[in-house]
Amino acid sequence: MSEKNVTDIVGLFVFIAALMFSADVAQVVGPYMVIITASAIGASFSLKRRDKTTRTSAIWFFARVCGLAALLTVGISTLVAGYYASLSERALLAPVAFILGLIGDDYPALALWVGRKINAWIDAVIRFRSGGGHE
Amino acid sequence: MNELYLIALANFALCVASTVIMLCRLNGMGKDVRRIVVLEYAFGVGAMVFSAFRPLIGEWPGYASLGVAIFVLLQLIASAPAWMGDKPPAVATDHAPLGET
Numbered sequence: 071m072s073e074k075n076v077t078d079i080v081g082l083f084v085f086i087a088a089l090m091f092s093a094d095v096a097q098v099v100g101p102y103m104v105i106i107t108a109s110a111i112g113a114s115f116s117l118k119r120r121d122k123t124t125r126t127s128a129i130w131f132f133a134r135v136c137g138l139a140a141l142l143t144v145g146i147s148t149l150v151a152g153y154y155a156s157l158s159e160r161a162l163l164a165p166v167a168f169i170l171g172l173i174g175d176d177y178p179a180l181a182l183w184v185g186r187k188i189n190a191w192i193d194a195v196i197r198f199r200s201g202g203g204h205e
Numbered sequence: 032m033n034e035l036y037l038i039a040l041a042n043f044a045l046c047v048a049s050t051v052i053m054l055c056r057l058n059g060m061g062k063d064v065r066r067i068v069v070l071e072y073a074f075g076v077g078a079m080v081f082s083a084f085r086p087l088i089g090e091w092p093g094y095a096s097l098g099v100a101i102f103v104l105l106q107l108i109a110s111a112p113a114w115m116g117d118k119p120p121a122v123a124t125d126h127a128p129l130g131e132t
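If you read the sequences in order, they're chains A and B. Under this note's numbering, the first residue of the first sequence carries the number 71, and numbering increases by one thereafter. Under this note's numbering, the first residue of the second sequence carries the number 32, and numbering increases by one thereafter.
Treat the hints loosely; a few may be bogus.
Mimicking DSS-like on lysine-lysine, the simulated pairs with C-alpha atoms at most 30 Å apart in a straight line are [what the hints assert, rightly or not]:
#1 A:K122 / B:K118
#2 A:K187 / B:K62
#3 B:K62 / B:K118
#4 B:K62 / A:K122
FYI, nobody ran anything at the bench for these hints, they're computed from the structure. All values reported here derive from a predicted model rather than from experimental measurement.
Whole structure, please, built from the sequences with the hints as guidance.
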């Protein structure tokens, strides 16, 4: 395709499409389709949840969240699948990407929530050890 | 083969346009927007993103897919006056509880 001379606008579009959807690109990007789709749905929910901003900022937010999901999903899925033998990495891709999209920018809030849970758990352990678990 | 590539590129452009419009509307949605409307737009974004890139998994769009993509974009354009300024129309929002008015 690239060896041909591009002489008209249709030829140019065909050339662009051939570059975008070439077999080499498909081999690399293909498996990421499910990740991008799941994270796009999750990011849509988090976009709705956050306060209204400019259109450019909203699209940038969406691209950022999807990009982060594309980067982290495979790693997180591998970790979780290694921990729970009954779960396969392949099956985890979509849910992990969706959750990453759903979190969006709320990592500080998530960290606070996790911190509160850990605090509550440690408190419960201390109470249990110091006398029966009831006050 | 050329026709296949051209349809794929046209489908990509239509899907990206629809996705951008839907993202702008999602950005403008507040807390009072009905859940089904949020769901509609969120899954719309997912479907359009998937449709735009589907030649990468060997699913090449045809004329029918192009028709559907045009229909989705036209529907979004047709509802543009109702969503002027990315403000959800009354039909997309819940009624405010009487106690809070």
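* Hint by hint, which ones does the structure fall short of? -> none
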